[in-house]
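Given only the sequences and the hints, what does the whole structure look like? Please build it.
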Amino acid sequence: DDYITKPFSMEELVLRIEAIIRRVKGKKSKEQQIYKFGEMTFDTQKQILYIGDEQTKLTTKES
17 DDYITKPFSM EELVLRIEAI IRRVKGKKSK EQQIYKFGEM TFDTQKQILY
67 IGDEQTKLTT KES
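For the sequence shown, the positions run 17 to 79 when our numbering is used.
None of these hints come from the bench; they were simulated from the model.
What you were told as hints is all true, and nothing was included just to trick you.
In silico BS3-like links for lysine-lysine, alpha-carbon gap of 30 Å or less:
id : residue 1 : residue 2
1  : 73        : 52
2  : 77        : 62
3  : 41        : 62
4  : 52        : 41
5  : 41        : 73
6  : 22        : 73
7  : 22        : 77
8  : 77        : 52
9  : 62        : 52
10 : 52        : 22
11 : 77        : 41
12 : 73        : 62
13 : 41        : 22
So the derived label-pair ranges between C-beta atoms look like this:
id : residue 1 : residue 2 : range
14 : 21        : 61        : 30 to 40 Å
15 : 48        : 22        : 29 to 39 Å
16 : 52        : 24        : 15 to 25 Å
17 : 75        : 20        : 14 to 24 Å
18 : 72        : 23        : 18 to 28 Å
19 : 73        : 33        : 15 to 25 Å
20 : 21        : 48        : 27 to 37 Å
21 : 48        : 23        : 29 to 39 Å
Virtual Cβ for every residue (Gly too), placed ideally from N, Cα, C.
Encoded structure:
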């Protein structure tokens, strides 16, 4: 239900995948969930996206 035009960043792709997963699952779980995509890791509880050694705190809307 989403479309990304080229060129796109991997971060944008991960964020869109996470948004789709949230819509499918419904409300956020209180349990910590960690998703890994290549060198990227997303911690749903802390709302932090790790890319290699860098970490980015995401807003509720972004995550």
